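Colleague: Sequence:
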Amino acid sequence: MHFDLADLRLFIHIGESPSLTQGARRAFLSPAAASARIKALEGQLGTRLLYRDSRGVELTPAGQRLLKHARLIMSQVDYLKSEFTHYGTDSAGHIRIFANTTAVTEFLPEVLAGFLAQRPGVTVDLQERLSRDIVRGVLDGSSDMGIIAGPVEAAGLQVIHFSTDRLVLAVPVGHELAGEKKVTFKQTLAFQHIGLHEGSTLLSFLRDHVERMGQQLSLRIQVSSFEAICRMVEAGVGIGVIPESAALRHSRTMKLATIELDEPWAVRERSILVRELDALPGVVRALIAVLLPKPEAEQPAT
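Counted the way the working numbering counts, the sequence shown spans residues 1 to 302.
Calculated from the structure, these hints are not laboratory results.
Only a predicted model underlies this, so the values are computations on that prediction, with no experimental measurement involved.
Don't take every hint at face value.
[Unchecked claim] Calculated lysine-lysine pairs in the DSS-like style (CA-CA distance at most 30 Å, straight line):
#, residue 1, residue 2
1, LYS39, LYS81
2, LYS255, LYS181
3, LYS294, LYS255
Kindly produce the complete structure, drawing on both the sequences and the hints.
Modeller: Structure representation (structure tokens):
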């Protein structure tokens, strides 16, 4: 059985688009030409790959399997090209990253700004995803690397620890909890919380714990960033659970009190997920190297 790489890339475009027309446009083909190539691919495989109707296209179960394999094949082809391009091993290429809320909103923008400024030929697709979707995305090849916090079950992936953060409680100055050194998460449920937007990894994480406790999380308002949570807390709107790194940064410009959460899960190990580090293109390995802590000998003198 012979597979044309152009057909596999076309199928990926269609599988990631709401319609065959849009997928064809991404592949620089007419809808008729794209449809003919997909039908030929279906004939070669002896199975239907797409459901077609007036609303667009939907992958069949066989189409879902082919999409997974096609992504892996094209990723390896792209890796091979990047390794032998005249640009060098880490100065050009495309990186797709699935990451949790803290990574997307807190430390990755600064890291990527410096990384991309030094490499004009590199592009990045950064997407916020839930932990389970990060693992799945790296496994099926739809993401080059994932960034996750907390314990992770990732059979078949390499897990590279690179830093540690802690979840803390942010409260307004003068709040009745402000004088406490430690509080349990259950104690915080007596107060209204400021939460992140729906679909954020931290909100999903906290809701899971509340559900296991048989309690309820009272959300007064949901916002899009840790900075917005801190501004709401400072104004006395409610309290919020945020990473300590965010609390320290925003407390420099806002009047906040932070309290340690007396929970084993409050300490969050940050990890990078990849399928196989040595098989990644040079540009992805270069970004991972930037994220990893520097040996003491390389640390700047203080």
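Colleague: Indicate, hint by hint, whether the structure satisfies it.
Modeller: Going through the hints against the structure:
1. LYS39 to LYS81: Between LYS39 and LYS81 the Cα gap is close to 29 Å, so the pair holds against 30 Å.
2. LYS255 to LYS181: The hint holds at about 17 Å.
3. LYS294 to LYS255: violated (33 Å)
When held up to the earlier numbered hints, the structure conflicts with hint 3 and nothing else.
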